[in-house]
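The listed protein sequences correspond, in order, to chains A and B.
Per my numbering, the first sequence starts with residue 3, numbered consecutively.
Per my numbering, the second sequence starts with residue 106, numbered consecutively.
In case anyone wonders, no lab produced these hints; they're calculated from the structure.
Any given hint could be a false lead.
What the hints assert, rightly or not - Below, a sample of chain A positions facing chain B; criterion: calculated Cβ distance under 10 Å: (1) 23; (2) 347; (3) 420.
Said to hold, decoys possible - Take a look, some chain A residues computed to stay more than 10 Å from chain B by CB distance: (4) 13; (5) 40; (6) 154; (7) 159; (8) 181; (9) 197; (10) 208; (11) 271; (12) 357; (13) 359; (14) 413; (15) 419; (16) 443; (17) 463; (18) 466; (19) 467.
Said to hold, decoys possible - Here are some, though not all, of the chain B residues that point toward chain A, as calculated from beta-carbon distances under 7 Å: (20) 145; (21) 149; (22) 153; (23) 179; (24) 182; (25) 188; (26) 196.
Ideal placement from N, C-alpha and C gives every residue a C-beta, glycine not left out.
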Amino acid sequence: MAEQPVDVDPGGQNVAGEAPAAEPDAVTDDTTVHDDDVELERTIGLTGGLAIGIGTMIGAGIFVFPGLAANNAGLAATLSFAIGGLIALLVALPTSELATAMPRSGGGYYFISRGMGTAYGAVVGLGLWLGLMFASAFYLVGLGHYASAVFAELGVDLPFSPVIGIGLLFGAALTVLSIAGTENTATLQNLVVGVLLVVLTAFLSYGMLDAFGVFGRTSVPEQVFSRGYFPVLTTAALVFTSYLGFAQVATVAGEIKRPGRNLPRAMVGSVLVVTVFYAVTIFVATSAFGADRLGQFGETAMVEVARDVLGLPGAVAILGAGLLATFSSANASVLSASRAVYALSRDALLPRKASEINLRYGTPHVALLAAGGPILALVGTGRVELLAEVASFLHLVMYGLLCVALLVLRRRDPDWYSPSYRVPGYPVVPSLGALASVGLIAFMQPASIAIGVGVMAVSYLWYRYYAGDVTLRGDV
Amino acid sequence: MTDRPSILVPLRVLEGESVPEGVPTLLADAHVVLLGYHVIPEQTAPGQAQLQFQERAAARLDEYEAIFEEGGATVDRRLVFTHDAQKTIDRTIHEHDCMAVLAPNATGSVGEVLVAVRGTVGVDRLARVVAGVFGVTDAGITLYHVAETEETDEDIGTLLDGVTDRLADLGVDESRIKTRVEREQDPLDAITATAEAFDAVVVGETDPSLVTFVFGMPADTVADRFHGPVLVVQREPEPVEDE
Numbered sequence: 003m004a005e006q007p008v009d010v011d012p013g014g015q016n017v018a019g020e021a022p023a024a025e026p027d028a029v030t031d032d033t034t035v036h037d038d039d040v041e042l043e044r045t046i047g048l049t050g051g052l053a054i055g056i057g058t059m060i061g062a063g064i065f066v067f068p069g070l071a072a073n074n075a076g077l078a079a080t081l082s083f084a085i086g087g088l089i090a091l092l093v094a095l096p097t098s099e100l101a102t103a104m105p106r107s108g109g110g111y112y113f114i115s116r117g118m119g120t121a122y123g124a125v126v127g128l129g130l131w132l133g134l135m136f137a138s139a140f141y142l143v144g145l146g147h148y149a150s151a152v153f154a155e156l157g158v159d160l161p162f163s164p165v166i167g168i169g170l171l172f173g174a175a176l177t178v179l180s181i182a183g184t185e186n187t188a189t190l191q192n193l194v195v196g197v198l199l200v201v202l203t204a205f206l207s208y209g210m211l212d213a214f215g216v217f218g219r220t221s222v223p224e225q226v227f228s229r230g231y232f233p234v235l236t237t238a239a240l241v242f243t244s245y246l247g248f249a250q251v252a253t254v255a256g257e258i259k260r261p262g263r264n265l266p267r268a269m270v271g272s273v274l275v276v277t278v279f280y281a282v283t284i285f286v287a288t289s290a291f292g293a294d295r296l297g298q299f300g301e302t303a304m305v306e307v308a309r310d311v312l313g314l315p316g317a318v319a320i321l322g323a324g325l326l327a328t329f330s331s332a333n334a335s336v337l338s339a340s341r342a343v344y345a346l347s348r349d350a351l352l353p354r355k356a357s358e359i360n361l362r363y364g365t366p367h368v369a370l371l372a373a374g375g376p377i378l379a380l381v382g383t384g385r386v387e388l389l390a391e392v393a394s395f396l397h398l399v400m401y402g403l404l405c406v407a408l409l410v411l412r413r414r415d416p417d418w419y420s421p422s423y424r425v426p427g428y429p430v431v432p433s434l435g436a437l438a439s440v441g442l443i444a445f446m447q448p449a450s451i452a453i454g455v456g457v458m459a460v461s462y463l464w465y466r467y468y469a470g471d472v473t474l475r476g477d478v
Numbered sequence: 106m107t108d109r110p111s112i113l114v115p116l117r118v119l120e121g122e123s124v125p126e127g128v129p130t131l132l133a134d135a136h137v138v139l140l141g142y143h144v145i146p147e148q149t150a151p152g153q154a155q156l157q158f159q160e161r162a163a164a165r166l167d168e169y170e171a172i173f174e175e176g177g178a179t180v181d182r183r184l185v186f187t188h189d190a191q192k193t194i195d196r197t198i199h200e201h202d203c204m205a206v207l208a209p210n211a212t213g214s215v216g217e218v219l220v221a222v223r224g225t226v227g228v229d230r231l232a233r234v235v236a237g238v239f240g241v242t243d244a245g246i247t248l249y250h251v252a253e254t255e256e257t258d259e260d261i262g263t264l265l266d267g268v269t270d271r272l273a274d275l276g277v278d279e280s281r282i283k284t285r286v287e288r289e290q291d292p293l294d295a296i297t298a299t300a301e302a303f304d305a306v307v308v309g310e311t312d313p314s315l316v317t318f319v320f321g322m323p324a325d326t327v328a329d330r331f332h333g334p335v336l337v338v339q340r341e342p343e344p345v346e347d348e
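In isolation and in its complexed conformation, chain A is listed as follows (with noise of 0.2 Å):
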């Protein structure tokens, strides 16, 4: 069992007077030790890993985008998506290197803070809270448009739009859930993953099959850049927030059992899973309709295929996954920013009351409403597509500076740096990844870039008034 030891030295107060949490001795395969005799069980394996990476990025990318994606891009959102994939594998390669070199609890905020300094782990780390909050309210849009679906299959027909009000339920049943329930949820949650993953396979394999003419349709001939070239762009960056769950899986870093063999196979098995099944999904929904319908049918676009493909039973099929789908990505995004909470309020960037534990239930209340009562604020607005762009705005940066981090970190090479996975292609691929997150931003609508920006406007001044002599770099 290799015993990682850690040798960062966190300093400084906050303005109330807290100093950051004392840093663990050791890291082993098992546990992270505190004082010699305090540890830290390490219970999340590959599976678990995977289900949170897969569990998090399938609601969003099969089962919202699909129809918003090809009426920007027409057939060439297939293309985005792949673009997408691209730069989320950049980015979970060097992501990896770092979460293997610290595999703590906090993920992407943790990497830069220890890398490049307070000023920018503050930004990330309140960034990535809010962005994961952002990116829960667009999954909760998303399932009131599959339970609106829901009612008019049914065909029940109501005088107003119940979209919000479902979504908002869900969001206030989520954080109820999640502060009061004790039962075990990952086994739930690798389960629900587990069971999209099958029906989706069957779904796209009889998909893939009819477009190929396999059953004697012929579909839709189309022209690929029917929208043009830069829609393409523009696309891959609205559509990104489907890959924003890798980043999730390295949240509870320090939770996952092994953490040298599991973090790089969840993060980077994940991205690639997801990217697959996107590509499909897109190239089988375009072929069933051509984009321009299929861009009509807005956020359940999916259940017109479905049913074109495979009649009624397929439409509830995927209405059913669908709801499925989303309501388990707004879990895990909410879950995660309750970690990323608990890991600022360690480091003192918070108020250490916000990682209180609630005597009761055990769950850590003042996070995990710290993450649903924003959320449902978000999901009044209603605004899919802006709610997804800030998401990923918020993402990016951090992949940036990951990226970033990671180059400065080979660089200056400190003592305690020792990751048991190196990312291949140093440093063309972090540049590369580094790159490509800040590019993929200047696509974006001008709306998403102003609110993202000011959302890191203020971490920062927060992190000035609040926390301005707090040190938590490494030490060289």
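Given chain A's structure and the hints, the job is docking chain B onto it.
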């Protein structure tokens, strides 16, 4: 430390589990691996619980450690925050090479010990635990075996004699050892019924075959039903498997 058997004492340290009366005396000649653990739900990071509870939990463990050391045992201690108690206990058994796990129930002075002998746990480990814990006391040791239908008296004789010999090798006076055999009974019911008359029980961890998987490990069930301390002797550690 002259061949003290390592005995794991797991305690849910923040949920009011403490060292019951009599246990420090019982383990006076053992090497106690004191495991204080706290199980947290998945929504909570273990580090988060550590931040909030470490001080309190460590203070309690300090007390317990002192109690065991006063009793005469040598002590190793661990405080673990975990999502999965079973994984933590299994890992600690493995890392500290524990021969047995104690299900800590209160006891007076131990006069009579029931040792359930089954084929599944190595005779050697069973004997080492019994000799290590009860060797220097003057407790009576009853080797107890519930026979399967196809077992002959000869088989049973060989089995129990083997244990007796091994105990004698380890310095236990043979006059203290009695044997008792029962037939045509459900082993679990038989052991728990017989245990009533004893002060402490030593059983072997059963192989996790299908039956025990469904109905829970018999050794655990004995621990649930019996009101005194139960030592569950662990199987020989398997070679480390590569997951």
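* Find the hints from earlier in the document that the structure breaks and name them by number, from lowest to highest. => The structure conflicts with hints 3, 5, 8, 12, 13, 23, although it agrees with all the remaining ones.
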